[in-house]
Amino acid sequence: MTIKVALVGCGKTADMHISGIRKLNAARIVAVCDIEPLMAEQLAARYGIANFYSDFDELLAIEKPDVVHIATPPPSHVSLAMNAIDAGCHLVVEKPLALDSCEAAQLIAHAERRARKLTIAYTYYFDPVVRMLRRLVREKVMGEAVHLESFFGYNLNGPFGSPILSDRDHWVHKLPGKLFQNILDHLLNKITEFLPDEKPLVKAYSWQGADRLHQLDCDLPDELRVIVIGEKQSAHGAFSSHSRPVQHFLTFYGTKNTAHLDFENSTITLARDSVLPGVLGRLASPFAQGWQHIREGGRNVLRFARSEYHFFEGFNYLLSEFYRGIVHDLPVPIPYHEILRVAVLIDQIASQVREEGARKG
Amino acid sequence: MKILITGASGFLGRAVVERLFAHGNLDLTCFVRANSDVSVLDKIRNRYPHARLDYLVGDLASPDDARRAVEGVETIYHLAAGMRGLPATIFVNTVVASKCLLDAIQDKKRRVVLISSLGVYGTSFLETGRVIGEGTELDPHPEKRNVYFHAKIWQERLFRAQAEKGRVDLVVLRPGILYGNANPNCGFPSRIGILVGSVLLVFGGGNPLPLSHVVNCAEAVVLAGQNAEASGQSYNVLDDNVPSAIKYLRSYKHQVKNITTIRFPFFATMLLSQVVEKYHVKTHGQIPAVLTPYESSAMWKGHQFDNQNIKKLGWKQIMPTEEAMRDTFVYLRGLNGHTQ
Chain A
1 MTIKVALVGC
11 GKTADMHISG
21 IRKLNAARIV
31 AVCDIEPLMA
41 EQLAARYGIA
51 NFYSDFDELL
61 AIEKPDVVHI
71 ATPPPSHVSL
81 AMNAIDAGCH
91 LVVEKPLALD
101 SCEAAQLIAH
111 AERRARKLTI
121 AYTYYFDPVV
131 RMLRRLVREK
141 VMGEAVHLES
151 FFGYNLNGPF
161 GSPILSDRDH
171 WVHKLPGKLF
181 QNILDHLLNK
191 ITEFLPDEKP
201 LVKAYSWQGA
211 DRLHQLDCDL
221 PDELRVIVIG
231 EKQSAHGAFS
241 SHSRPVQHFL
251 TFYGTKNTAH
261 LDFENSTITL
271 ARDSVLPGVL
281 GRLASPFAQG
291 WQHIREGGRN
301 VLRFARSEYH
311 FFEGFNYLLS
321 EFYRGIVHDL
331 PVPIPYHEIL
341 RVAVLIDQIA
351 SQVREEGARK
361 G
Chain B
1 MKILITGASG
11 FLGRAVVERL
21 FAHGNLDLTC
31 FVRANSDVSV
41 LDKIRNRYPH
51 ARLDYLVGDL
61 ASPDDARRAV
71 EGVETIYHLA
81 AGMRGLPATI
91 FVNTVVASKC
101 LLDAIQDKKR
111 RVVLISSLGV
121 YGTSFLETGR
131 VIGEGTELDP
141 HPEKRNVYFH
151 AKIWQERLFR
161 AQAEKGRVDL
171 VVLRPGILYG
181 NANPNCGFPS
191 RIGILVGSVL
201 LVFGGGNPLP
211 LSHVVNCAEA
221 VVLAGQNAEA
231 SGQSYNVLDD
241 NVPSAIKYLR
251 SYKHQVKNIT
261 TIRFPFFATM
271 LLSQVVEKYH
281 VKTHGQIPAV
291 LTPYESSAMW
301 KGHQFDNQNI
311 KKLGWKQIMP
321 TEEAMRDTFV
331 YLRGLNGHTQ
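Taken in order, these protein sequences are the chains called A and B.
Heads up: the first sequence runs through residues 1 to 361, numbered per the working numbering.
Heads up: the second sequence runs through residues 1 to 340, numbered per the working numbering.
Taking lysine-lysine pairs in the DSBU-like style, the calculated list, with each CA pair at most 30 angstroms apart, reads:
(1) Lys-278/B / Lys-23/A
(2) Lys-199/A / Lys-117/A
(3) Lys-144/B / Lys-12/A
(4) Lys-256/A / Lys-199/A
(5) Lys-144/B / Lys-23/A
(6) Lys-312/B / Lys-247/B
(7) Lys-282/B / Lys-4/A
(8) Lys-301/B / Lys-278/B
(9) Lys-253/B / Lys-301/B
(10) Lys-12/A / Lys-278/B
(11) Lys-4/A / Lys-278/B
(12) Lys-4/A / Lys-144/B
(13) Lys-108/B / Lys-2/B
(14) Lys-23/A / Lys-282/B
(15) Lys-282/B / Lys-12/A
If you're looking for bench data, these hints aren't it; they were derived computationally from the structure.
Every value quoted in this text rests on a predicted model; they were computed, and no experiment measured them.
So that you can see chain B by itself, here it is in the shape it has in the complex:
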């Protein structure tokens, strides 16, 4: 069975390729961009001598490239998304690319494993402490969220619309904060706060951080892709026993490096968000609206995420949370120039 992985050269993509090989899927096609670094993928392939790993180079937002990508493919792991850049770039790489992919597979129903995000839920309206399961509604106002979540919500809506028409055998995975030892940007996820220069403004406080070690997440992705019961289902993907933002930071300071932090309780976060938003509007965008009451409420109100559903597919955490944090922090400490 031929499998396509979009976004394969990314942080999660590489781990998914590794887990697919580990589960005995030895014929993979990776869709990558012209400037993607595939050296890590090459190394993974070398560890599986009988495996076949083909690269398709292109832009998924091009209908021709998308058609080329899905030829002869049975299962698609759709990880590609715009992570950074201008709003239009993020939208093109997440939503327009998804539309092209969906258009390309209209001729034949296939399984698509869509990597969404825990951030797509409409948590802004929900009370503090609410446990967010897969049945929670998607955010009804994506335009009020940051550009990344805006695009991810739109992307999931597109796929759901096609699945409801019976054109896609869809499985949606909504990972939390992906972290691990190969992502230099995973030190301070936005659910903790915002780094301003060398000072971290901490808004997450005692909220549980929905961490998902990249290996654990990749295992969940592969299980969901292979399991017939997963058809039409959505799964939150986060590890067990996750620390609070403050506890995570304490460990970070102890194991990686010290950093100046300013902690904001939730009411102060909301107050600051109102000030920033009003100033942004009043000055016609002289500073960006990095904080808005809507986004802050969605991110830092103190919700918890439930991961029971993915366990029903037999998912077990490969790397325990304590070890996963240590693994990440050792890597980040190395990046900061410390010897072990």
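Same shape as in the complex, but just chain A:
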């Protein structure tokens, strides 16, 4: 069975989707679509895709795809997704799924009603280091989660950030939570999985730290700290546009062990109690840490040799699981409940950021 795939939205994230789909034996990209025909044409030309459209409804009617990837700016996600579901398509939607959790819930409910599968492009949800952490938790190596620290560094002058700075009408400026809304899925979806409280206490602090942003004459907070307090667990999330080097990590503090997941370098290391007593234990500990890094480096070399060391390896895994689920009618890889809990947290944070912005004038 070959699954016919179409993509709508030929902007910055389209290449990641196309590359991911092309790795799947069961899928074939039949068409791409963008409101700007030139964007659709160039993507089709670069990847040798036969058809391109500027009208999404026309694409649905002519190509009749089985799966649609939606990589457009967030304000258009829900309407495009609803149309695709009505046309009988399964969906991969870029994050954020919708502009708020109510819209997200409506979209998911619609997909369930029509028995279509939907997933969200959580790039890091299935990153190899997260999959390893899940295994350690499952095997009870970590114990129970006590606290989580999620850090997501961002470069506003990088390939994703600079278009936002160079255009004051960029769609990111118009999101309810602005820059944060476009990023927070990455920061929070690593927390919610291990912090099961339905209504944790959430407190967000934000500010604008970039000097060059003042040239833009617009309000774009770019530093965020979030504290999430549950009944038995807590979490701290930090989004930073100014700390260097740009880092991306998660620290899982468990009742038995603490794990540090470095997404930039794709390593997971454990901070364990030393088996040696007193000063000997302290002397030995850095060597034990060093050995873990050597082991992780070696593992990455092996993964590279097996062609499993792509930058978006977690996204590739997500797609392979999602498409496998379509072929064999399996549950979706990211539970809808998780997607909605993240969306609710984003709503709360965006609301607090707006209030703080209004207070500061």
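Starting from the structure of chain A, add chain B where the hints point.
Showing chain B alone in chain A's frame:
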């Protein structure tokens, strides 16, 4: 006569503004982005007390901003292009922006001076040593080129299509490697090779480097914009007496800093390109296709570029090549922390 310069805050844009003032064009509008640094443009204006320099801030890929930009303008110097970033960003800033500009000027025919690139020619198919003049065909397979040239070829096609319909009085300039004393990125142009960490892989060998000092190039741009004979013409823009890649590197090492280089003859470059491309395909892009036989052949096969046409417009090199290289290297040496 009101003149618009897109991409005015860039390396070439600033030099074009200076040359336009120097040629007596004292009413300029610069289209810049919200985060563009215009301090250098301000300094240039201060040197011409009678000149008027307005800024229009916006995004040329927005039809509204493009319409606003061309209001009351007679001549457009279109320099804006996406130089770096993701493929989609480069394409939007080069091609979609050009489309919006063309749509905005449909009501009235105006002169547009388009800054294209020597890289748009279909040189991959041409034999070694071939002299590339303006009559050479554009690359028929832009999708096989790197994303920058891909976009530049597409951009030129768009403008040519409109010019053929008589909607634009088009002049195309195709500069070579722009260099000079205000561009920190001009040390190792891609026609020399690729910098991997601190090692430079040299693929350009003995090929002549089509260097164009930014002041010389800006002079050519302004001359072409002002000359009625230039209508409908294309011009290669490169300096005379340009050095080979190896000679340039030797001077760089002597005058700026030493650097480890590994030189690849052309057959080895092609072999390496085939390996990289095959590995890229086999591993589904685990490493990017930074080298492909098609691109390598276009870039490093050993073609020469002809600059006779621009001289017919009266263009003369303001800064001789030897002085231009010295000027650039002194600047780069300063960036590397050496005192003069």
